[in-house]
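A.B. asks: Here's the letter readout for the chains.
Number of protein chains: 2
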Amino acid sequence: MAPALDERVRVGILGCGNVGTALVQLIHDNADVLQERAGVRIEVAKVVVRDLGRDRGLPLPAATFTTDAAAVVHDPDVDIVVEVMGGIEPARTLIADALAAGKPVVTANKELVATHGREVFEAAQRAGVDILFEASVGGGIPLIRPLRESLAGDRIKRVTGIVNGTTNYILTKMTDEGASFADALREAQRLGFAEADPTADVEGFDAAAKVAIIASIAFGAQVVASDVYREGITGITASDIESAADLGYVVKLLAVAEESDGQVAVRVHPAMVPERHPLAAVRDSFNAVFIEGEAVGELMLYGRGAGGGPTASAVLGDLVDAAKNVAEGRKGATIGTLVARPIRAVDDIESQYYLELEVADQPGVLAAIATKFGEHRVSIRSMQQRDVGDEARLIFVTHTARESDLRATVAALGNVDEVHRVGSVLRVVGED
Amino acid sequence: MAPALDERVRVGILGCGNVGTALVQLIHDNADVLQERAGVRIEVAKVVVRDLGRDRGLPLPAATFTTDAAAVVHDPDVDIVVEVMGGIEPARTLIADALAAGKPVVTANKELVATHGREVFEAAQRAGVDILFEASVGGGIPLIRPLRESLAGDRIKRVTGIVNGTTNYILTKMTDEGASFADALREAQRLGFAEADPTADVEGFDAAAKVAIIASIAFGAQVVASDVYREGITGITASDIESAADLGYVVKLLAVAEESDGQVAVRVHPAMVPERHPLAAVRDSFNAVFIEGEAVGELMLYGRGAGGGPTASAVLGDLVDAAKNVAEGRKGATIGTLVARPIRAVDDIESQYYLELEVADQPGVLAAIATKFGEHRVSIRSMQQRDVGDEARLIFVTHTARESDLRATVAALGNVDEVHRVGSVLRVVGED
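Here the protein sequences come in this chain order: A and B. Under the numbering used here, the residue at position 230 of the first sequence is numbered 230, and the numbers go up by one with no gaps. Under the numbering used here, the residue at position 216 of the second sequence is numbered 216, and the numbers go up by one with no gaps.
Heads up, the list lumps identical chains together, so a pair's fine if it works in one copy or across two of them.
Here are the simulated EDC-like pairs of lysine to aspartate or glutamate, each with C-alpha atoms no more than 20 Å apart in a straight line:
1) 157 <-> 29
2) 331 <-> 7
3) 157 <-> 32
4) 372 <-> 403
5) 157 <-> 298
6) 157 <-> 36
7) 372 <-> 417
8) 331 <-> 119
9) 331 <-> 122
10) 372 <-> 358
11) 331 <-> 97
12) 372 <-> 350
13) 157 <-> 258
Please keep in mind that the hints were generated in silico from the structure rather than gathered at the bench.
Required output: the full structure, derived from the provided sequences and hints.
C.D. replies: If you want it as structure tokens, here you go:
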């Protein structure tokens, strides 16, 4: 088919922060490669900024910059809209308008896709144009495309991700240096890996939005951020990390999406991962997504989950795709309708668990404790005892148990006289 | 666009070994998902087998099976050809005929793509139909698609892969159990991970073919298997692995493709990888490909590099793509012309090196040795001495040096009287 647009495709970029700036620079630096790969010249027609006065040192004429996002979306000289401003509004309205005007949209907006994904996908489907959002999860890691295309013939059973770089950096510091959570957080803030208000990262909100997107694409299900069960890492202590290491585990904040019996389960929580599991080797601010597929078996995709360069690289991969389709007058790749599926209650989820109990160091205690486990159908896989003064610390790892049974066990243990304290309770994930 | 073919696409599968069998089963089991994702029903029209008498237990009528591959390729009832027979001929002719007849081709044939890739890609380009070969490298790992599409806007600097499961299994056994190469190979053969004649794996031929394909796609360059510098793992000893561990390294067989100054360098050799490098955590028969891109930074794609299920999953991802394009009457995704590029001579490659010397345990030896390093512009990064009887073993790790300089150093050291033996020389890869 002949290119429909005189061999160039004009892009309007909404937002010019880290990602927008890196994107403009990348399009400029790699113009020749891009033209070859897209089969068409990619031209930055407009860039929406907040402050026209600021010099960004970008290789674009001053007239390219504007503060009027709505005008860019409706500009007949803009063929594709790239949204890298973030946040729900005005991004949501701008994207809806672009799609309604028949313009493909590339977005890096995690929050929007995790909250209004279905609406956005349906608008793209009606318009028959691309909606591409590789950069919304895992920064530069190719994830959405492998899930949508490479694994199109497979059935995905479970996706387990380290999708938040800040918390992985903090947990890596705690593991390598025995640092406390507070100290590691301060160090992350000092280095710019964590925000002044770290809530979105350390309480798992960021990871929850990402796993909602992953579940939507992996299972074709309508999953939004608020469906995700969520525990953060603020309660993780240096002692938990040390105990984990003693048992051959590493503590990670995991985002898990799985499908079984027609139900989807989505959750974010810290967990102990066996040292030899590939996710255990994901250090510092790196991200990785571990995929279990029926035919393909185990896959892991690893890389930089944030940052201007990696995110812009992912946006540009999408943009090349969209530009090709525009140039050749082809329909875009749309997501099928996301189906509403029951979300499994956290009580019904099954996992192995690590439990730490402080108990009186006297005969008969273990029998009393083991009885409580047994009464609630939680089977013990291993137990270790450490003496701490005239108390003993018991460390249990269970076989796979239901969350509700585990919680009932913990409650029951709290009522055993000889149990002075139920310490950390952590899930164990990735054990054979 | 309306589906051109009454909402079904008919596939002819050439070959029915592990991969072909798994593919047919997968298409049958996932028919509903496939129809939804491809927007069209994927129907297995013909399967070419060697022996019509054998019952494969596949859910297909007997008339689907045939021994006449040429007839399948030319059959007007076959829209897409999937080649999973392997080997150069007759696969090469059959694929050429299919493309000439305007039929998209999906192939898992590493040998063919690594040897005649350019010819195959050009035939696909002329025909304007898909040539897809995700399964030819890294089994089920999405690799070709990320390189072609996700990273289309980035510049890839280097790709470092563990792309042979057999040798990775052997090296993992040697590392975990202190086994000798011979014992680990026998164990791999017993478990079916290694062939009776293991040459293609242990001498690096298999990895060389794969890295040729990786270099072709990553750099758009014409690279064939015979361009690849190649060293196998038969010379790796239990003692090398132990020394590596002492220094914080793991020994892996690496396939490296890099581009600089307009030259492409491609090589396969064992190397020491730092324990904390993500490639070090790739164990047993798993594969992984570590990609360094200009904007994206570091990426790693990990999974099963072989086996019927994983390979069939990759083939099916490609098949869904091709089926979509056929159904919508769209042109296929072709590879641009591969450009002939100079291949860098191994002498010109730069690396860090590990060297083990057995020397007389007497004063002045180190000075004599250090002089030889200096004379050949090889700078020493670290040295460790171990006493072994009345000899000493010196272990050096160099800073980055040219291969030719390192070789000259080794030759010169062989002529130093106090050097009784130059032991293992191994590259060190992935150090900061």
